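Trainee: The residues making up each chain are set out below.
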Amino acid sequence: MNLENMRIALQGILANRLRAFLTMLGILIGVAAVILVVAVGNGSSKAIQSKLSALGTNTLTIFAGGGFGGRGHTNGTQSVRITLTQQDLTNISNKANAPDVEAVSPVASASVTASYQGSTYTPSSFIGVLPIYSQIKNRPVSLGTFFTDAQNQADAKVVVLGTTAVEDLFGSSTFNPVGDNVLFGGTTLQVIGVLKSKGSNGVQDQDDIAMIPLNTMEDHFTGVTAGFSQFLAQATSGNTSNAAESEILSVLAGDHNLSSTVASKDFSVLSQSDLLATSQSSSKTFTVLLAAVAAISLMVGGIGVMNIMLVTVTERTREIGIRKAIGARKSDILGQFLVEAVLLSVLGGILGIGVAFIGANFKIDGTVPAIEPVSVVLAFGVSMLTGLFFGIYPANRAASLRPIDALRYE
Amino acid sequence: MSLSDRDAPDADETVDEPPTGPATLVTKSAPAHTAPPTRTLKSFRQRVTSLAPARPAAVPATTGPAATAGLSPNDVIVVQRVVKTYALGDIEVHALQGVSLTIERGDFVAIMGASGSGKSTLMNILGCLDLPTKGRYFLDGVDVRGMTEDELSDVRNRKIGFVFQSFNLIPRTEAIVNVELPLIYGGLRHKGDRRKRAERAMIAVGLAERLHHLPSELSGGQQQRVAVARAIATNPAMILADEPTGNLDTTATHEVMEIFGRLNADGRTVVMITHEDDVAAHAKRVIRLVDGQIVDDHRQGPVQGPPPRYHAPTAIEAAAHHAARSTI
Chain A
1 MNLENMRIAL
11 QGILANRLRA
21 FLTMLGILIG
31 VAAVILVVAV
41 GNGSSKAIQS
51 KLSALGTNTL
61 TIFAGGGFGG
71 RGHTNGTQSV
81 RITLTQQDLT
91 NISNKANAPD
101 VEAVSPVASA
111 SVTASYQGST
121 YTPSSFIGVL
131 PIYSQIKNRP
141 VSLGTFFTDA
151 QNQADAKVVV
161 LGTTAVEDLF
171 GSSTFNPVGD
181 NVLFGGTTLQ
191 VIGVLKSKGS
201 NGVQDQDDIA
211 MIPLNTMEDH
221 FTGVTAGFSQ
231 FLAQATSGNT
241 SNAAESEILS
251 VLAGDHNLSS
261 TVASKDFSVL
271 SQSDLLATSQ
281 SSSKTFTVLL
291 AAVAAISLMV
301 GGIGVMNIML
311 VTVTERTREI
321 GIRKAIGARK
331 SDILGQFLVE
341 AVLLSVLGGI
351 LGIGVAFIGA
361 NFKIDGTVPA
371 IEPVSVVLAF
381 GVSMLTGLFF
391 GIYPANRAAS
401 LRPIDALRYE
Chain B
1 MSLSDRDAPD
11 ADETVDEPPT
21 GPATLVTKSA
31 PAHTAPPTRT
41 LKSFRQRVTS
51 LAPARPAAVP
61 ATTGPAATAG
71 LSPNDVIVVQ
81 RVVKTYALGD
91 IEVHALQGVS
101 LTIERGDFVA
111 IMGASGSGKS
121 TLMNILGCLD
131 LPTKGRYFLD
141 GVDVRGMTED
151 ELSDVRNRKI
161 GFVFQSFNLI
171 PRTEAIVNVE
181 LPLIYGGLRH
191 KGDRRKRAER
201 AMIAVGLAER
211 LHHLPSELSG
221 GQQQRVAVAR
231 AIATNPAMIL
241 ADEPTGNLDT
251 TATHEVMEIF
261 GRLNADGRTV
271 VMITHEDDVA
281 AHAKRVIRLV
291 DGQIVDDHRQ
301 GPVQGPPPRY
311 HAPTAIEAAA
321 HHAARSTI
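Here the protein sequences line up with chains A and B, keeping their order.
Numbering-wise, the numbering used here puts 188 at position 188 of the first sequence, and it's gapless, one number per residue.
Numbering-wise, the numbering used here puts 61 at position 61 of the second sequence, and it's gapless, one number per residue.
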């Protein structure tokens, strides 16, 4: 296996350009498919990731009630109803109890219909929150201001709208409604701000929303209730969200006199990373499936290489005989044809990588493919191994020819 | 797959210094063989290299039975009662039926015979392309019996220069590269040395101007001369030519025969298979085969010295020759 074999192999390929190109095409398509499929999967998972992180990084959602099975646990024969309380809020907010929690806000929701000069609209999400919620959820305003703690204390009748709400009420999402009064149920609220548009998170339109101060919600919509159904908390950083999660659970266990196992049943703390993991694992499964299909096409390409190498060996039987007669050993012939097979598939692989890089510039099904360097290396390596694997049989066949038979071959 | 385990041909084995005579060569290489190597497969390759181009008397001692066979260091080819049998289905074909033959260094031997006489089989055995069913064959003192395929490849590479009827150059490959091929397979890795030796061989056949032509760009005679250059590139113990002029016209035949004559006059051993009488007339010794047996073996000239001159057939002879050939 030396430069000489390389030269011979290149010569063999150049002598049959069209045939070599068609053979390479199989590998080319396989390699390009593998890289592109992985790139699309990678691109879509990156898109989901960026959407989720736009939701507010490090956020933790705390529900009363474990899982979706209903709230409370059974205490003997009595079912105990568990809710999140004002005390929970105070204790979680306390840095001494939960050092990794940056901020926390209850989320109280209600369902109302809003009307403005004859147009009505029911926001899919109408929530009462603390001003800190804007920071926790990463929802800054694009127009006007978010409400303040003072406004919350004062039960101010103010509302911050999402752009979908603005569009439904005022006819245009770019309309500036700040200062206008909108009737929510029986209460007139003044629009003081419009949230920056965030689009859909894949499940719901995040701009189809109206936010009011928590106290205003309790006083005018839900009434002062014994507790809250949901808190939204923010960990100090992405790395501390797990620590924050367990701190919150232990605070809740203390507040409600529950053992930690019961607490984790009665309350659930969902982090953004949990959501991320779920969505990524589903997209990963999809990518693996597609990549497997692409890998099969690469294998088919390999069979093409084997086929053409068998033809080449038959065509060059006489040449093999000559080479053996003048002293080529078995390994020399083996090397020559193996190098040719590997060269064929590697050239196909390189072209395939080129095609994949060109293809990655186009949006595929709404996703911008993001080429994964590992997939390029892998696809290239596999194409090389394909050549080696599918080249062995033809090369061995060539190397095993008896010189007298090969020389006599016409 | 590397060639590194193969020794490069000896530095002093250069193409422009063909063996001038057996006497000088024996004295030259005799000291190297005072300690005969043991016969192991492993040491074989080394042996092939160190013994080339001439083979001293040390060999018979190392190969046991051969010692009693009375091998002379002057014998390039010693064939002893060689039988070759092919199985064609249920029928056994006896291609060679006990052929014994000794060819001295510097001889020019023509082997003649009708088709089916076994001359191709003999040629395959002499060329180490095939092994005898029975009997022994010593090539340049080395017993080829029981050799593996790779060992036979090495023997062919070092000791035999093939010239075929249909030239058998590698297509789409420059003439000079064709000539370099046996040197590549011989493990001569230095590109410059290889090129230099190949160039000398090309000069020796008078094709210094055609180094970079492809075989398809050369005439039949030129292609055959490239093949001769390739055959002598490794400075082998003998040149084995299988009807080298069979595909050539009279002019080209003349050219090629002249080259063979010159190479032989320089001391190279030439064994040529032919069925053309005018070609055989150029040999120092003519052997005729019939039904796998030697029926005639006569000498036309002394082993030493130049071979009888090749006389191109006259126009009438050539025409008759052509007519005879075209009727075949």
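One or more of the hints may lead you astray.
Incomplete in silico selection of chain A near chain B, CB under 7 Å [unchecked claim]:
id : residue
1  : Ala15
2  : Arg19
3  : Gly223
4  : Ala325
5  : Leu401
6  : Ile404
Here are the computed lysine-lysine pairs in the DSS-like style, where the Cα-Cα straight-line distance is at most 30 Å [as the list claims (entries may be wrong)]:
id : chain 1 : residue 1 : chain 2 : residue 2
7  : A       : Lys330    : A       : Lys196
8  : A       : Lys363    : A       : Lys46
9  : B       : Lys191    : A       : Lys330
10 : A       : Lys330    : B       : Lys134
11 : B       : Lys196    : A       : Lys330
12 : A       : Lys196    : A       : Lys137
13 : A       : Lys363    : A       : Lys95
14 : A       : Lys265    : A       : Lys196
15 : A       : Lys198    : A       : Lys284
Hints were generated in silico from the structure; no laboratory data involved.
Note that the structure is predicted; figures quoted are calculated from it, not measured.
Don't be surprised by glycine CBs; every beta carbon is placed ideally from N, CA and C.
Trainee: Give me the numbers of the hints this structure contradicts, sorted from smallest to largest.
Mentor: 2, 3, 5, 7, 13, 14
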